[in-house]
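Undergrad: Letter by letter, the chains look like this.
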Amino acid sequence: MSDVTHDALDYVPPLEVEEEVLYHAKTWLGKYVFCQDAKVIAIQYSVTAIGIGLVALVLSLLMRLQLGFPHEFDIIDPTNYLQFVTMHGMIMVVYLLTALFLGGFGNYLIPLMVGARDMVFPYVNMISFWVYFVAVMVLVASFFVPGGSTGAGWTLYPPQAISPGTPGVDAGIILMLVSLALFIIGFTMGGLNYVVTVLQARTRGLSLMRLPLTIWGIFMATVLALLAFPALFVSAIMMILDRTLETSFFMPAMISLGDQTSYDGGSPVLFQHLFWFFGHPEVYIVALPAFGIVSDLLSVHARKAIFGYRMMVWAIVAIGALSFVVWAHHMYVSGMNPYFGFFFATTTLIIAVPTAIKVYNWVLTLWRGNIRLTVPMMFAIGFIFTFINGGLTGLFLGNVTIDLPLSDTYFVVAHFHMVMAVSPVLVVFGAIYHWYPKITGKMLDDVLGKIHFWMTFLGTYAIYFPMHYLGFEGIPRRYFAYGDTAFMSDSSQDLNAAITVAAFVVATAQLFFLWNLFISYFRGREAGGNPWEATTLEWQTAHTPPRHGNFDELPLVYRWAYDFSVPGVEQDYIPQNVSPAEVEQMQQRVEPSSEQTTDEKP
Amino acid sequence: MILAVALIVLTAGSVLFHLISPWYLTPLASNWSSIDATLGLTFWVTGTVFVLVNGFMAWAVIKYRYDKNRRAEYQPENTKLELWLTGVTSVGVAALLTPGLFVWAEFVTPPEDAHEVEVVSQQWHWSFRYPGEDGEFGAIESRYVSEENPFGMEREDPLGQDDVLVFSPTLHIPLDKPIKTNLRSKDVLHDFAVAQFRVKMDMVPGLVTYLWFTPTKTGEYEILCEELCGVGHHTMRGMVVVDTQEDFDAWLDAQPTYAEVLAKPVGDAALGQAQYAVCAACHGSQGEGNPVLHSPKLAGQGGWYLRRQIEYFKNGARGSHPDDEFGKQMAPMVATLVNDAAVENVIAYIQTLPDNPTEHTVTGDLENGADIYVTCGACHGWGGEGRYAVNASRLAGMSDWYLVTQLKNFRKGARGVHDNDKYGVQMAMMAAILRSDARIDDVVAYINTLSGGQAQANSNSAAPVTVTSTTTSASNEPQATVASRE
Amino acid sequence: MSYALVILALILGVVVWWLLKQTFNLEPWAATASTDAVRTEGVRSPSTMIPLPPVKLALGVFLAVVTSLFALFISAYSIRMEYGDWRPMPEPVLLWVNSGILVLSSVFLQAGWSAAKRGSIATVRFGVAGGGALAIAFVVGQLLAWYQLTSGGYLISGNPANAFFYLITGVHALHLIGGLVALAKTVRRVWQSDDTAAMSLGVELCAVYWHYLLAVWVIVFGLMLST
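Those sequence lines, one after another, are chains F, B and D.
Heads up: the first sequence at position 478 corresponds to 477 in the working numbering, and the numbers run straight through without jumps.
Heads up: the second sequence at position 112 corresponds to 113 in the working numbering, and the numbers run straight through without jumps.
Heads up: the third sequence at position 109 corresponds to 132 in the working numbering, and the numbers run straight through without jumps.
It is worth saying that the hints were derived from the structure and are not from the lab.
Fair warning: there could be bad hints in the mix.
Label-pair ranges, simulated between beta-carbon atoms [claimed, not checked]:
1) D:P113 to F:T243: 23 to 29 Å
2) D:A53 to B:I21: 48 to 54 Å
3) D:W40 to F:T243: 41 to 47 Å
4) F:F503 to B:D68: 37 to 43 Å
5) B:A13 to D:A53: 38 to 44 Å
6) D:L197 to F:F132: 18 to 24 Å
Sample of chain F residues lacking proximity to chain D, with all beta carbon distances greater than 12 Å (derived) [as the list claims (entries may be wrong)]:
7) H23
8) I438
9) A541
10) Q586
11) V589
From the three backbone atoms N, C-alpha and C, an ideal C-beta is built for every residue, glycine too.
With the rest of the complex left out, here is chain F (with noise of 0.2 Å):
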């Protein structure tokens, strides 16, 4: 424990400090649609990217009934089988995970958390998020277009992409690709705003080291996004133009359904490069902001600061920066020279032990904590049972030789979800239970969220955690049916049944979950400004929700976000905008025994 140095005790009240001249818009459309204050167009990015997530979720169980109950659904045939597959994990990824936890948290929690009275480019913001609208417009247009959207999977894998023989070469695949490099616009824009705010406009006396790990997850995950993001920019505006203008950046002489091509020279493998270069880093920026917020989920309702918060931002950087050079795991049986998985397999598994870390420094947060099992929390503990498994099965395909009989199986589809849509989610879940009351100045209704809880924790882990044991069968992904194999067991059948079950349960529970948003909005408790007792600064506000400029004074920084449960002091957090001088005049606690233990309770 180290020493909390004391300073003078008059009380000194903040000072007024350079004010941004912030646009205040007079209009209904300026206030409403093309509103600048971040914490609309954080609304605004939210709601469209659940909006689009949902249509998403209805295409995995369109998916899943064809799986669970093969040739039972009319409506459901080879094709559209392969759009519903393309066009849900595309969407998932990228339009929903990204665009939420960045669009959505990332504008509403950063100029909040860093004292900031709203983004550095507020105009500039407001456009990203129109970007962001087309670019998910023209995604959904692709459905209705001659040909339908495309269905050669989320990974767009040339030649089958742009070659017939494969739903929506005709106009599916081009609008996929155009929205993708509209998506990639926008955020650019967005991004350099979250990178430009968190290093410019903290209010004083927040250095770095005291910004909150959901800051920090964001921030990071930022800065891979605008690296990242051109690798995928590339490789759309190539394969638009060989499927347009019949170049051949990516695709080889080929013959297409019989017929020879005037393709040549052009390397599918290439593609592949470019792509996971994007992809792989593409998974830590939805995984980084989770990592953050769960963190301080955890701490603000364990009553404890997180714990090896040093470690914590150098395993966010550190995981970071290797994300850009693990890439290639994903292509391990691609054809690409096999030397490459030596290096490749090397560098996934030394990935693995900076998240190892995050995750002991996580359950270390709760050891010895005074752990309040509101929902927030729930949630946050089940992000780190999914996690653990959807981290360690992470290790089997890493590892290059295990993926050979894994690679394109059902355990690819468990694990990804598993550290994609279980347990980021699960975070996103309690993240809007947390910060809910914030945005609203209502309390969510804690009966609908345990019930939501309990059915998306318990349902999500029963559909993906026996699916790895369909993938160790050796049942294959993107499949439409099965047939008759000697290797596929009948009883695999009976299992993709079960699972297909649980994921309709899943489904229904998020209406609760939407019911208790809707509900809680008119007739929840009413929250007050800081009804977890958390130190960040956007519990600090003056008013709830928080007015346009967030703070009526910007706040002074004293301290960092994590003074839960000092010794010595009463009141079990200490915001981060209290001065020593105040906390000086807090009530002292007087410990139960004659010193200060960091025993078991007698």
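Once you've looked at the hints, dock chains B and D against the given chain F.
TA: Positioned in the frame of chain F, the structure of chains B and D alone reads:
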């Protein structure tokens, strides 16, 4: 509290699930037990971590649940503990990685004495090639691929003359001999995967990739394509048959070499006319078919398809199933075609018959049929003209009632599942999406509106004709090299 | 991929180094700031902030993104160059002329920037307007070069060297056009006001962006010449 119990139950339950799960690796049939061993080691290490960390967490949730009289400890970090944990984790990770890398080193280095076979993939089936007596593969080029030359063989290359070509998705290999498969694709990405051998590798057009293994048990093992390659991906099936050396030799001898394929007799339509008299009784003198006698139109159908069906009726792949009412009649009929020459002749004659429009007897919902046909068209052609390259027969302009019967036969397993039916499983799987007879009528009614194929010319090939492509391209790199690029 | 990796490693290396420097030896739970210090530290405390105006930092970050983009294109180009069917494009003289125009354009903008620092409004106007006009001339010149090559039979789908040429020069020109949009705003401001101090930052950012695109052009053109 309940949460901690749930965590404990889920942790224990997961371990129990693993121990009693009937779903696990299928029994190994190759030399790659080292992969299974590495997998086992990984389970031990990760399983231990899973139990320990989750157990510790559950314990913490119980022990440190909220008590307003208690305080959490203020311990921002414990450098010693963190470093120790880092060290232990690194050791654990290294323990997993090291054996894995050794096995991988073995995998990327096929033995010197491994036999080689080439696996050729395309949408949506497999074919194979052996190097023949000289042990060398002949050169191949994408631009030589045609209906007459599906392997893309370079005709002038002497090394290719003895290559054994396997026009079927069944690969035979001898037991206990290491085999290196050279994998190539003619069109899009595919992946050759056999679960029992534990190996797979993508096949990239423009490259030759490889994998190797030694089969250790005789038997039949399914080949699955494991890189999404279009709507037919899930139907792209094959079989690896591991034979004893004698059986393998016998089988290999029975396959044609490229030279033999080149030397196949061209059909003589004039001689075929006499043969056809037997067929005309049912199929009509103009090959127009006869619904009353359950005989479909033959005129206008691809010669390759006719040839294959004759072969199937001869070897029982068609017509032997008890539920195939009218197919049974064909066996004695094809028996009258006593040899290959007779078959070629009659096909050549059928090719001369006029391709007249048929009478439409099937009606249905055309819009629904069009929707269904989106999937069918990938193989059968958007105009219903058929595609040799994907083993899809012409549908437009043929006997619609026959299409209905065959779709029903595929759906109920009366056609397509026989061992000798090389590609029938694909249609059996596709027909499964036509759950009701009404859907079959819809799609066939839609096919009746298609006009592709009326102008189809030379869709047959009695024998590969002379390759007429010019060989002036500067980049004539043989694709049969072993190393993979990138 | 190696070029892109090296560039990215450099950028990430800088990011990681800076972050570690900011965070290394601190124990954030130790309250080190006295009340006075917090109160009197400016908004941009040197130990916690990067001493740049936000918009300049934003340009720096954006240039890192653009660098990533061009590095990836160049990586793809270098990989593709290795294959047997590569046939280099001819280099029309026009491309050299265009290069010269782009250099001049940067020179004008640099002059404008220096003038803004000095306070000489007339030169500022001359610099930004002239730089803009020359950049437009460059873009037109590129389009002309494209026209020359396509009429000479060098179509984009002809062979990979062609494809990359059109692609990379196209992306470069698009970035320049984007810059022209920003420059247009600057030109307007420069014409409407005499306050060179206030406009100095805007002119500087345009000049930096212009020099960056010139550097990209030099690298890209040099690469194409050497193959």
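Undergrad: Now tell me if each hint is right for this structure.
TA: Verification of the hints:
1. D:P113 to F:T243: 23 to 29 Å: holds (25 Å)
2. D:A53 to B:I21: 48 to 54 Å: Roughly 53 Å apart at Cβ, these two residues keep to the hinted range, so it holds.
3. D:W40 to F:T243: 41 to 47 Å: holds (42 Å)
4. F:F503 to B:D68: 37 to 43 Å: At 40 Å between Cβs, range holds.
5. B:A13 to D:A53: 38 to 44 Å: Given range 38 to 44 Å: holds, Cβ gap about 43 Å.
6. D:L197 to F:F132: 18 to 24 Å: holds (22 Å)
7. H23: holds (20 Å)
8. I438: holds (26 Å)
9. A541: holds (20 Å)
10. Q586: Per Cβ check, F:Q586 is outside 12 Å of chain D; nearest 19 Å; holds.
11. V589: holds (22 Å)
Of the numbered hints listed earlier, not one is contradicted by the structure.
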